[in-house]
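Peer 1: If you want the building blocks of each chain, they are given just below.
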Amino acid sequence: MEMRSSLGRARGLGTANEGVHHWWAQKVTAIALVPLCIWFVFAVISLMGADLDTFEAWISVFGNALLMILLVLVLFYHAYIGMQVVIEDYLQGAARTAVMIATKFALFTLGVSCVIAVLWLGAWG
Amino acid sequence: MASGNRPLSPHVQVYRPQITSVLSILHRATGVFLTIGTLFLTWWLVSGLYGPEAFDTAQGFLGSWFGHLMLWGFTFSLFYHLGNGVRHLLWDFGWGFELPQLRQSGMVMVGFAVVLTLITLISAYASAGG
Chain A
0 MEMRSSLGRA RGLGTANEGV HHWWAQKVTA IALVPLCIWF VFAVISLMGA DLDTFEAWIS
60 VFGNALLMIL LVLVLFYHAY IGMQVVIEDY LQGAARTAVM IATKFALFTL GVSCVIAVLW
120 LGAWG
Chain B
0 MASGNRPLSP HVQVYRPQIT SVLSILHRAT GVFLTIGTLF LTWWLVSGLY GPEAFDTAQG
60 FLGSWFGHLM LWGFTFSLFY HLGNGVRHLL WDFGWGFELP QLRQSGMVMV GFAVVLTLIT
120 LISAYASAGG
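So the protein lines, in turn, are chains A and B. 0 is the number of the first residue of the first sequence in numbering that gives the first Met the number 0; add one for each residue after it. 0 is the number of the first residue of the second sequence in numbering that gives the first Met the number 0; add one for each residue after it.
Since the hints were derived computationally from the structure, they do not count as laboratory data. All values reported here derive from a predicted model rather than from experimental measurement. The beta carbon of each residue, even a glycine, is placed where N, CA and C say it ideally should be. Heads up, some of the hints might be wrong.
[Said to hold, decoys possible] Beta-carbon label-pair distances, calculated as ranges:
#: 1; chain 1: B; residue 1: I35; chain 2: A; residue 2: A24; range: 40 to 50 Å
#: 2; chain 1: B; residue 1: T56; chain 2: A; residue 2: L65; range: 25 to 35 Å
#: 3; chain 1: A; residue 1: M2; chain 2: B; residue 2: V21; range: 46 to 56 Å
#: 4; chain 1: A; residue 1: G92; chain 2: B; residue 2: I35; range: 17 to 27 Å
[As the list claims (entries may be wrong)] What the simulated footprint calls covered on chain B by chain A, stretch by stretch (three residues with Cβ under 8 Å from a Cβ of chain A suffice, anywhere in the stretch; the number is not a length):
#: 5; segment: 17 to 24
#: 6; segment: 31 to 39
#: 7; segment: 75 to 87
#: 8; segment: 94 to 108
[What the hints assert, rightly or not] Just a sample of chain A residues kept apart from chain B, beta carbon distances all over 10 Å, derived:
#: 9; residue: E1
#: 10; residue: S5
#: 11; residue: L6
#: 12; residue: G7
#: 13; residue: H21
#: 14; residue: K26
#: 15; residue: C36
#: 16; residue: S45
#: 17; residue: F61
#: 18; residue: G62
#: 19; residue: I100
#: 20; residue: A101
#: 21; residue: F104
#: 22; residue: L106
#: 23; residue: L109
Let the sequences and hints guide you as you build the complete structure.
Peer 2: What follows is the structure, given as structure tokens:
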């Protein structure tokens with residue numbers, strides 16, 4: 000006799016678990032990225048051809064540093080989930096695992112590097 | 000989970016290209032391209048830690064003809080991915096699943112991306128003095 004309910008068997012499996020979490024994370028980061036990307040475009044235009052002193056003065060402003068770090072965190076998380084879906088769709092077996100791990104290491108490293116750069120240049124530049 | 004020789008999901012090549020499928024695969028392509036773009040974002044930010052010369056090198060590369068070409072590509076990809084992302088969010092609310100609406104929202108989105116890209120490029124060149 001089956002002792003577990005249908006709900007109990009379904010819970011924690013497949014899209015009832017990680018899939019929904021990733022879906023939500025992709026959507027919430029997408030919403031956050033709309034204003035952040037628009038701000039970023041304005042920021043890049045204002046910084047075209049700037050030298051380091053100008054850039055440091057700009058990134059020392061609290062609001063600029065805050066928005067830049069928010070952008071970086073949300074952007075890399077969004078890219079991380081998006082790349083995972085693409086890799087899962089087109090690769091399989093050992094290649095999938097290897098490319099997935101390499102991509103995640105790379106995106107994590109790039110993201111942390113950006114945050115360090117913003118904090119460092121903003122505070123001590 | 001065993002995932003030996005199961006078929007991979009999107010068999011893009013067996014379908015005749017249509018506006019819905021082309022716009023959809025472009026969403027992926029621009030997403031991957033923008034992810035590659037984070038390398039340049041990181042280079043730009045981190046180069047400042049290595050001093051003014053390194054920062055000028057990064058700014059100089061982005062200011063070169065190849066850098067500009069790349070930035071045009073990133074600008075269009077950003078607005079395309081943003082516009083189509085909003086389209087996806089509308090679908091999540093159940094809006095716009097009929098074929099005529101899909102074509103219409105697709106055309107509006109492409110128009111949005113092209114116009115915003117042009118406005119951005121014009122503003123950028125105007126603010127940089129040509």
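Peer 1: Are all C-beta atoms of chain B more than 10 Å from that of A:C36?
Peer 2: violated (6 Å)
Peer 1: Is 17 to 27 Å a correct range for the gap between the Cβ atoms of A:G92 and B:I35?
Peer 2: holds (24 Å)
Peer 1: According to a criterion of three or more residues whose C-beta lies within less than 8 Å of a C-beta of chain A, is the segment 94 to 108 of chain B covered?
Peer 2: Coverage by chain A is violated for the segment 94 to 108 of chain B (0 residues, Cβ < 8 Å).
Peer 1: Is the Cβ of A:I100 farther than 10 Å from every Cβ of chain B?
Peer 2: holds (16 Å)
Peer 1: Say whether it holds or is violated: A:F61 keeps its Cβ farther than 10 Å from all Cβ of chain B.
Peer 2: A:F61 is indeed farther than 10 Å from all Cβ atoms of chain B, at 17 Å.
Peer 1: Can we confirm that no CB of chain B comes within 10 Å of the CB of A:S45?
Peer 2: violated (7 Å)
Peer 1: Between A:M2 and B:V21, is the Cβ distance one that fits in 46 to 56 Å?
Peer 2: This hint holds: roughly 51 Å between Cβ atoms.
Peer 1: Over 10 Å from every CB of chain B: does A:K26 meet that, or does the non-interface label fail?
Peer 2: Given that some Cβ of chain B is not farther than 10 Å from that of A:K26, nearest at about 7 Å, it is violated.
Peer 1: Report holds or violated for chain A covering the segment 17 to 24 of chain B, Cβ cut-off 8 Å, minimum 3 residues.
Peer 2: violated (count 0)
Peer 1: Take the segment 75 to 87 of chain B, compare each residue's beta carbon with every beta carbon of chain A, and decide whether three or more fall closer than 8 Å.
Peer 2: Holds, because 5 residues of the segment 75 to 87 of chain B bring their Cβ atoms closer than 8 Å to Cβ atoms of chain A.
Peer 1: Quick check: the segment 31 to 39 of chain B, covered by chain A? Criterion 3+ residues, Cβ under 8 Å.
Peer 2: holds (count 5)
Peer 1: Would the least Cβ to Cβ distance between A:F104 and chain B come out above 10 Å?
Peer 2: Consistent with the label, A:F104 stays out of reach of chain B, its closest Cβ about 14 Å off (over 10 Å).
Comparing the model with each earlier hint shows violations of hints 1, 5, 8, 14, 15, 16, 22, 23; every other hint is respected.
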